[in-house]
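Visitor: Residue strings, one per chain:
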Amino acid sequence: MATPVVVPPLGTNVDTGALVTWHKREGDSVTTGEPLFAVETDKAILDVEAPASGILRGVSASEGDEVPALSEIAWLCAEGETPTVQSSQQPVRQVHPVHPVHQPNSQAPVHRFASPWARTLARERELEWTILQGSGPMGAVLARDVEAARPSPRSPVTPLARRIAHETDADISRMTGTGHLGRITRDDVTSPNDPREPVETLALTGIRGRIAERMFRGAHETAPVTLTTEVDATSFVEARKCIVADGLRVTYNDMLLQVVSRALREHPRMNATYEGDRAVVRRETDIALAVDTDRGLLAPVVRGVQALALPEIAAATASIIERARNGQITPDELHGSTFTITNLGMFGIDAFTPIINVPECAILGVGRIKPTPWVVGDCIGIRQAMWLSLTFDHRLVDGGPAARFLHAVAQAIEGDR
Amino acid sequence: MATMGIAEALREGIREEMRRDPTVFCLGEDIGVKGGWGGAFTVTLGLVDEFGPERIMDTPISESGFCGIAIGAGVTGMRPIADVQYGDFLFCMMDQLANQAAKMTYMAGGAVKVPMVMRAPVGSTRRGAQHAQTLEVFFTHVPGLKVVAPSTAYDAKGLLKAAVRDDNPVLMFEHKLLYGSKGGRAEKGAISPVGEVPDEDYIVPIGKGAIRREGRDVTIVGKLLTVYRALAATDRLAEEGIEAEVIDPRTLIPLDKEMILESVRKTHRFVVVEEDNRTHGWGAEIAAMVAEEAFWWLDAPPVRVSAPDVPPPFAPGLEELYVPSVERVVEAVCRLVA
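Those protein sequence lines, which keep their order, are chains A and B.
Residues in the first sequence are numbered consecutively from 2, following the working numbering.
Residues in the second sequence are numbered consecutively from 34, following the working numbering.
Think of the hints as simulated: they come from the structure by calculation, not from any bench.
All values derive from a computational prediction rather than experimental measurement.
Where is the CB? At the ideal position from N, CA and C, for every residue including glycine.
A short list of chain A residues far from chain B (calculated; beta carbon distances all over 12 Å):
no., residue
1, GLU67
2, LEU249
3, VAL376
Partial pick of chain A residues on the chain B-facing surface, computed with a CB cut under 10 Å:
no., residue
4, SER116
5, GLY137
6, ALA144
Beta-carbon label-pair distances, calculated as ranges:
no., chain 1, residue 1, chain 2, residue 2, range
7, A, ARG163, B, ALA321, 28 to 38 Å
8, B, GLU360, A, ASN327, 53 to 63 Å
9, B, ARG52, A, PRO138, 55 to 65 Å
10, A, ARG163, B, ASP234, 35 to 45 Å
Bound conformation, chain A alone (with noise of 0.2 Å):
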């Protein structure tokens, strides 16, 4: 009998979800436990297992489409079988470039069940049960659902293991046995620190996941170059000073997204994204900031910083880094961005290659500001100095008007202009 895929609940208050990729194409077999789609909500990408083995048929949703939470979007279905019952839900509706109308779930809510062993079970080895097919009375996930998607990952015990084990705390749920039929003896759990071993592994998943695959593309799938100077920011420093005596909460990322902003407002090619087989250069600088958060690396974006006052540029990136680093950031703060400002200046880092956030022209490497020995007319001064690192797409420009647009924020850095 067909399987149908289904949407997991996103959670408290989420009705829908994008969908943003498929693993998998129609036609294509699948195994129980296999990632079968990525549904985004606005707090991480999620990925669902195929809740049952077959082929993939009857995909209602396409990447990019709105999915509701319980939505059935596919079926899983034994060969030679078509999908027994066609979706009548009609779940997909556009997102984009459609304006978002949030229509909530017109649907009834549905209640799962699941028994209580069947929830610890699912808790223990780290399964969302309500993507299970439950096999009990009104549907409800056993623990015979759990075994079967994900059997015990457990390795038989000896009872003296399992002692010493209990004694010293050890963790046996993650020991590879290497007694007989892998059993895991004394010895695993006395000396578990195998040199060889990893310390953990983590699954390139969710925000990871995310990372992981733009980082790729934007390292191997762009023509990347890097620029560095260093520059003069002394005047840049004493500036923000007088602001912050003003009683403004401003920071170097607030003033480098203004300096950067109008310097690609006089070099617009800069400002541009990569489509297809087209370099699209837009008028509003909507400029991302690289933020280092628990969950991984988001780049929410401050969108027409041009028509923005410092104090104002200020408050929403306030706002925006606030979100990004509690969960709250939506992914239309995430996305659409028309260049990049990455910081490592708290790190202490004074120049690096970023990697360009795709499908952007380009990125901003900041290095930290340090007292250096500089230059000033015939002598030599201590001056406040800075490191920026710009790598560029050179299919969408060349090196001139790359080099040009840093050299301009350079000026305003050193106050020049």
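Following the hints, put chain B in place on chain A, whose structure we already have.
Guide: Using the frame of chain A, we list chain B on its own:
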């Protein structure tokens, strides 16, 4: 080592305790009368010949009265074993048991002890509403009373000896169908839990359960007769590939919770089988305990197989429907495991 039934095992236990300790004596209705049965179910048969009517004391038909005598004797240093002909008559002495025996030690701040045993036959045996009730749960609800319910000859003797030596009032419930299937007072439909009983002195500690059968798929808890119903059910379940674990708590108060919980943590399914009326019953308490303390190990709701909420019927056909049958246990387990 001798082979005997529960009635004989109890008699041997009483005999040994009376020989061991001169403060131990029996009292009850028709327990020592010449030419009588030795109580309603032969447990004290012949003891009067060895110990005389002063230590095998026949009382008037006054349950409240002889219970009061037992309490008073216990408080003043004796160790009485009282015998109520039918457990149903315990209601006559409810004030003596629930208000006096159970509370005295508490009210006296531990200064007074009430060592006494009250033996009471229970269970449906074609005797109808006033002579066939299963009423242990009325007493498990009263703090201060210990309640035991042996289902084998070995446990009967061992628990009786432990009860005699306990400084608290202990109610001992015996199932009429388990006394034995032979002899003048054998009940129709009786099963014979005959077993080996050691000759030497031993006790079965109060508060310790027994696993009657090991299994991995479902835990069945029963007491007295329903232990045997559960065991009979496991044979049929095994044919279906279901391995049931059967637990006999043996002591109802204090309960061997850990044995039950440990079993549920292994099997993830739980059935309690009781001859008690369902509502607010013993099974309800055990199921609630399991739900509270082993919730995250349960793969299905706890299930009760109980008598319906009516008095035990007199009509044999109705009585068969009243007492949980092997079929009902099998059906409940199959539904749970399906």
